[in-house]
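Chains A and B, in that order, give the protein sequences. Be aware that the first sequence starts at 1, since it is given in the working numbering, and climbs by one per residue. Be aware that the second sequence starts at 1, since it is given in the working numbering, and climbs by one per residue.
Rather than coming from a laboratory, the hints here were simulated on the basis of the structure. Just so you know, these numbers come straight off a predicted model, no measurement behind them. Yeah, the Cβ is synthetic: ideal placement off N, Cα and C, and Gly gets one too. Please note that a few of the clues may not be correct.
Stated by the list, open to error - So the derived label-pair ranges between C-beta atoms look like this: (1) B/210 / A/454: 56 to 62 angstroms; (2) A/499 / B/31: 43 to 49 angstroms; (3) B/193 / A/276: 39 to 45 angstroms; (4) B/442 / A/276: 41 to 47 angstroms; (5) B/4 / A/206: 22 to 28 angstroms; (6) B/45 / A/206: 16 to 22 angstroms; (7) B/299 / A/499: 29 to 35 angstroms.
Claimed, not checked - Sample of chain B residues lacking proximity to chain A, with all beta carbon distances greater than 10 angstroms (derived): (8) 54; (9) 59; (10) 69; (11) 85; (12) 87; (13) 90; (14) 95; (15) 98; (16) 157; (17) 178; (18) 218; (19) 338; (20) 379; (21) 451; (22) 498; (23) 567.
Claimed, not checked - A partial selection of chain A residues facing chain B, derived with a Cβ cut-off under 7 angstroms: (24) 38; (25) 475; (26) 512.
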Amino acid sequence: MNNLTKRVEAAKEKWETLQQNKEPIIYIGAASCGRAAGAVQLLAQTNRWLKENETTAKVVQVGCIGPCYLEPLVDIQMPGQPRVSYNNVTPKTLPVILGSHVGESVPYDKMAIGHFGKDSYNGIPRFYDLPMLKPQVRIVLRNCGLIDPEEIDHYLAVDGYQGLANALNMSPEDVIGVVHHAGLRGRGGAGFPTFKKWTVCRNTPGKQKYLICNADEGDPGAFMNRSLIESDPHALLEGMLIAGYAIGASQGIIYIRAEYPLAIERLHQAIGQMREYGLLGEHILGSDFSFNVKLKEGAGAFVCGEETALIQSIEGLRGMPRSRPPFPAISGLHGCPTIINNVETLGTLPNILRNGADWYNRFGKEGNRGTKTFSLVGKVRRQGLIEVQLGTTLRQIIFDIGGGLQKPFKAIQTGGPSGGCLSEEFLDQPVDYESLAAAGSIMGSGGLIVMDEDTCIVDVAKYFLDFTQKESCGKCTPCRVGTRHILEILERITHGEGHADDLLALRTLGDTIKKGSLCGLGQTAPNPVLTTLRYFRNEYLEHIKDGRCRAVVCKDLIEYRVIKEKCTGCQACVRVCPTGAITGPRSEPHNVDATKCIKCRSCYVTCRFEAIAGDAIVIRSAEKKS
Amino acid sequence: MTKEKMLSITIDNKKVSVRPNQTVLEAARDNAIDIPSLCALPHLRAYGACRLCVVEVDGLRGFPTSCTTPVEDGMVIRTDTAEIKILRQEVLKLVLSEHPGSCLFCDQAAECKKYMGTIRKVGVTTGCRYCPNDLHCELQDVVEKVGLAESSYPVLYHNFPVEKYDPFYDRDYNLCVLCGRCVRVCSEVRLNSTLSFKQRGRLTTIGPAFDRSHLDAGCEFCGACVQVCPTGALASKVSKWTGKPDAETSTTCVYCPVGCTIRLQVKNDQVVDALPDYSSEVDGGLICVKGRFAVPEYVNHFDRLAKPQEMTSMGYNDVSWDDAAAKAAEKLKGLGPDDCLFVLSPQLSNEDLFAAQEFARQTVGSEAIAPSPMFELGDDLLPFIDLVLRSEPYALIDQAQAIVSVGFDSRFGYTPIGIATKKAARKGVFLASLSFPESNLDMLAEVSMREEPGRWAELLKSLIDCVSGSGGAIDGDVGRIADATRGASPVLLIVGPQILSAPGRADILKALLEIREKLSWKVIVAHPYTNLLGMLTLGAFPGLKPGDIVRNGPSAGAVSLRFDPVDLNKPRKVVYLIGEVLPASLPP
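Next up, chain B with everything else stripped away, as it sits in the complex:
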């Protein structure tokens, strides 16, 4: 491995050694010279709009922006001359002349912060509610860094109405400084392009083009824009007024099998926000609306049970943990194996699953363990598990020569898979999408088929015939897919959760398995059963012992999987729901 040749530059009269292929801004920050900037971000392309990071470079005319200037060997850079200081202050004054800066200019700021909490019957907080970003605002930081003390330019208040009728986050463009980060992250990182600059001159603002609503414009409510906004213009509803978090914990989202990393923001021991982790090897920071916004909202929801309750003739009563355990133990004592049914949730952690099946098998001696997928999939359970067990890691999408997606839409889930697919399609890889009523991949798909799920099995069958050359339709969409995929390798088949609720599901699964075996396509299954693999590994299925599946080898697949039959319709004395709700199909 050849080591990168380091470059030598002089910055503020100091000679330093820097890596090649970076900007002057990055090189300066690596060397403890913190040039202020509002629009530059590490994972966004160089933009050069705010003009705060200007520097002087020998040999370059004027004041180039350090965020767009690549370092070159022998460069001489000055970041802090008197002229630059004044220029930065003037530019910042202009920025502030379009940004209501009560946090900076208000006479009462200090006093106000003393009276933030209040003792009243109703939970009300006092204090400045002018801007949600107060005390943790990038613009405030820049003002401090640049050392601006006053400005005499008249402030223009645009008087935009605050946009708060969409879920999850509010938009107050009166606070927007037009750094463009939101537009860029939506377009470059999320490959969604919902946001754009509108109008020009003094009327420039940001929003979906043609004045469409966010939903109509395809917004996935992923919150990437909210996180990059340096002001309070974009703010998550749930964490808007909670102030600066005092701790952060990284954890794994439980909404789907992708298992993205989310960084929980904690304040006063409460979860107030969930942010992506762009350095995560699992998802690269491309989390979906569920992990981003649903987590903090559900965790703190007032309907969520936080204490054990017992149902009495008068309704639910709070009981202590000890009492609850004792009462439950009483009910379970002396039960025979056939008297209970254990219903398990696929969202349980591995530890919980192990404990659950241990309890059922060792303590009660029962094999009546029924994970909820059993109820939902019935006879299709085994073929489905077969597909899942041989599902490929989604990193394979980068190498695909052709991609076909069935029943998949990544707007509100499985976003790393969706974005990798969009990236491939943009590079020119063939993409076909079969979905109903539509999929967010349609826009980039060369062939997009919107067909009723009832027809999918037949379409897939004809595709198999067409590709393998044994007859079948040569015209139309199926023909085009066949032409594009015949001879390509690897071809990726992305299976989405829409197939699980489709009529003719059994036939669809059969066709998908055939595609995998006969056409040798690689399959990626996007399904809602978060820890299905954990359930299989830890024996949370009737007749499957912990570790069995590992012992039998990965190639065994579902062929050798055999679950003990459990009569789901038999009346039981006790139904023990672990992490689950009562399946609708159970007899009362």
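If we strip away everything but chain A, and leave its shape as in the complex, we get:
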């Protein structure tokens, strides 16, 4: 214990020094999302600027603070001044910002989005008062974007591993009791009470037990787990130690998808640092608890996020799910009692064990305690990774945090390929496990995709079924064959070849697949279809009966036309058309040849945003085939 206390003291001193910086600090958001937006180039540019201007400054790469739509984010903290955050920095604007804020100690407030100080500063709002951040309760994500994920000392300084220290001072049963009292439910999607699974495992006799972290995160577009690991890997690792202690496991395994190389690198680094600090191995922090962590990379299969398929994959077998019973908590990896928890579930544990169950109960509501991270994407103005209390309504998330939509709201998809699309009537529903399930969807791992009138709901259902059909492991008939049939029907409908009895067939197939499938992939695969049928039936009927796609997305049902009265003949569209379908002499209204048009939208977009006329091209439903 003394060892860690000393280190914590040293770390806190280090952190204080950082906060009371004597030289400028430049923070650059360099997690995968930041990098995708161009952070690496900005990093290099910053280093060059500092050299050229003979300025010494500390450059810290931090993780993701949440508002992805503002990336790349560059924060500057001058001595004696609060940290100021600049959004959507480009190679052009970076030198201006650096010149002003670092060069002359004057924040460039025109381009600043917020600051991290206490009071108002230079007319710049507080970052946490921004409408996207204010309603959020950041518990799991508390360190993301603020600390350097490659510095264990930063984590220690912000009370990291205190949760573990508290846990080791209790009996494992008491730790389970705390988690019980806190009401923590599995954040991977099912929402099963975490303490229940742990209790079964704890009570199953066995010398060797395993704790597995499910970091496969297969839902397309989901990145909650990736962000957390890249920005704050120790939060996950501390959580694993707490869980391992509670269930009596001596070996932890992180099953992480190979498509997350930065996260994998950060984990390897963090594990090495833990070993140095005596936080892994034998007699951790001087207790009787010994634990080791290793990584196992996935190989590109969505089904390996299912717990029994995950176990098969770790065992070196083909990732196909097994029937239950026996449940993994009793007989899992190599036949030993095994607990599999999601990254976020584990990432929440340090906070619960550090601050207590009563503290955690302040958030959320009865039966749905605490907070949940969500990836809010789609047609909202402010997209990114958010964390809110369970029970927050969809309206609050979409409009208060997300800033609403530009066009009228149509639907929100929750839970990825296992979830469903909910219509406007559900906007005031609280986001909790039961409410979403009652509506026919699921909470899932936290994907929220907002859609407006430009989204074809049948196309969305088709997209998800295409995904689940390709990812089906092939073991059981209903999923392997049933999803293929559903996909074929949806493809016909989107091509304008739907039949009158297709909707009944979709329901029957959906029912069979839900009831008959072996694992969660199959059992939830029909959800996108079944919910869209329930709440957007008319759109299906329009496709089938009228051959019309009201969102003008399904290519076989739409055509592109020039409004002669508006067209000025500027030729902007002619230049971008890849097939030469749109033609016309200069200064005369143009024409679209439907036989050549591949409906790529280039002319539409160009006319809208760059041409003189602005709105001369429309996409309309095609003439109904007789």
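Dock chain B against chain A, hints included.
Coordinates of chain B only, in the frame set by chain A:
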């Protein structure tokens, strides 16, 4: 012996008493409730893939599969509600939507079956040749059981090419319903793992991984997969189109001394197939390619003589049995004992062997009986027989603490021994293999030595020295074997047929005997002379009378065996081949 406590369950409103440690499916079938299933099999682990055996169980969510649910006391089960019936039919419709079901849907099915045979000069059969399993197909049975009458789902034909360029069995994966039985039997029962699921989603299919050929992937052509396939996807070439057998006879295979039980499938008095018997105490159903596929192919081969023939100046002439006997008797009349040589085959039955030596000794008065091993082994015959006489039953492999195999490969023979060895190695028992060029045990062997047979005697000698501590190499493979076997008991030495054709055979046999005597290892000999023990017992050796070996006691071994010398090179008036071919070493 404590009697198992029976459990009480309610199934379809009937209260019954069932044994513990079984699945709901098994318990139901024991009580005349036949829940349909395609992927469950008694000797395979519970799998739950086809989803046809779904039931409702109070207290369990949804529709659990009865093949994976163990019975518990007080369970309430419903197997036949309206919802379950519909679910089963829907699942079956999905199965059939990937399986060309002409046998079910063809309008001409009834008419077609009337015209199966045809009178023509050429032996041609008409009738549907779409699928070899018609009329004896498990999928057809399930369709009937589930009561499916129609399906409107469009059928997907995968258009896989039929794989028929390997011997013994064909594979048409267009008929495959992905029940997984073949993959499981290959992996769990045969411990071979040649087959695996490939790809996923709509592209899922079955075959050796990485698109290797079956031979390259280690397939032993044992046919276990063919037997468990519920559709016509896997079909034995020889029995493919013969239809449902009308009789079955159990018999013993004659290809090697293991003597596995094979169940001959008979149709119209012809042997059409040979199947394993999983309840056999001799082999547990683990027969090899020879018993499984060679038997029906050879039995019906057109080259096989079925009538007596006499060679004349114009070639071979068919004669009647009576004529043949008379002509042979003429040739043998009045011969002296030295004028004949009787060459016997080790594949003869005990009765045939007794009759043969009786004829030689009593009728002709000759002791010139030469079993073919005599020709092949020469001076090594006695040491070899010594090894064989003290060969242990292979059940001992289960208790071995270490196993060393010399010249043994169980791919195409002696498979019960090979599989028992693999099982032991998987459990962690030390296994070493010495063979050339390779053995199928190499993959599981901790030490696998691929050495030229010429070196084996010297390697064995150095092993003996090493284990008994009297010098010898301590590094290398031999050292590792010595370390693992020193102090272990029992250590099993499996001797395979490769030693019989090895150069330096005499020295190898000497070393093996020394291992048995000096190191007290238990020996199991796998050799090709099927009824060698029968020959020894029934006196089919020169100078050995019937029963001698039994009279002298089992511990006598080869030490007291003494055969009369027979001059194999002396020209004779008559060479009587009984079950054998002319040994190459005989003078013309």
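Do the hints match the structure? See the list:
1. B/210 / A/454: 56 to 62 angstroms: violated, 45 angstroms
2. A/499 / B/31: 43 to 49 angstroms: Holds, since residue 499 of chain A and residue 31 of chain B (Cβ atoms, about 45 angstroms apart) stay within the stated range.
3. B/193 / A/276: 39 to 45 angstroms: This hint holds: roughly 42 angstroms between Cβ atoms.
4. B/442 / A/276: 41 to 47 angstroms: holds, 43 angstroms
5. B/4 / A/206: 22 to 28 angstroms: Once the Cβ atoms are compared, 26 angstroms apart, the range 22 to 28 angstroms for residue 206 of chain A and residue 4 of chain B holds.
6. B/45 / A/206: 16 to 22 angstroms: Since the Cβ atoms of residue 45 of chain B and residue 206 of chain A sit about 21 angstroms apart, the hinted range of 16 to 22 angstroms holds.
7. B/299 / A/499: 29 to 35 angstroms: Since the Cβ atoms of residue 299 of chain B and residue 499 of chain A sit about 56 angstroms apart, the hinted range of 29 to 35 angstroms is violated.
8. 54: violated, 7 angstroms
9. 59: holds, 12 angstroms
10. 69: Non-interface label fails for residue 69 of chain B: nearest chain A Cβ at 7 angstroms, not farther than 10 angstroms.
11. 85: Since the minimum Cβ distance to chain A is about 13 angstroms, residue 85 of chain B lies beyond 10 angstroms and the statement holds.
12. 87: violated, 6 angstroms
13. 90: violated, 4 angstroms
14. 95: violated, 5 angstroms
15. 98: The claim is violated: residue 98 of chain B sits with its nearest Cβ about 6 angstroms from chain A, within 10 angstroms.
16. 157: Label holds. Min Cβ-Cβ 13 angstroms, cutoff 10 angstroms.
17. 178: About 6 angstroms separates residue 178 of chain B from the closest Cβ of chain A, which leaves it inside 10 angstroms; violated.
18. 218: holds, 18 angstroms
19. 338: Given that every Cβ of chain A is farther than 10 angstroms from that of residue 338 of chain B, nearest at about 68 angstroms, it holds.
20. 379: holds, 51 angstroms
21. 451: With a cut-off of 10 angstroms, residue 451 of chain B remains clear of chain A, as the shortest Cβ separation is near 31 angstroms.
22. 498: holds, 32 angstroms
23. 567: Non-interface label stands for residue 567 of chain B: nearest chain A Cβ at 62 angstroms, farther than 10 angstroms.
24. 38: violated, 36 angstroms
25. 475: holds, 5 angstroms
26. 512: With Cβ-Cβ at 4 angstroms, under 7 angstroms, it holds.
Comparing the model with each earlier hint shows violations of hints 1, 7, 8, 10, 12, 13, 14, 15, 17, 24; every other hint is respected.
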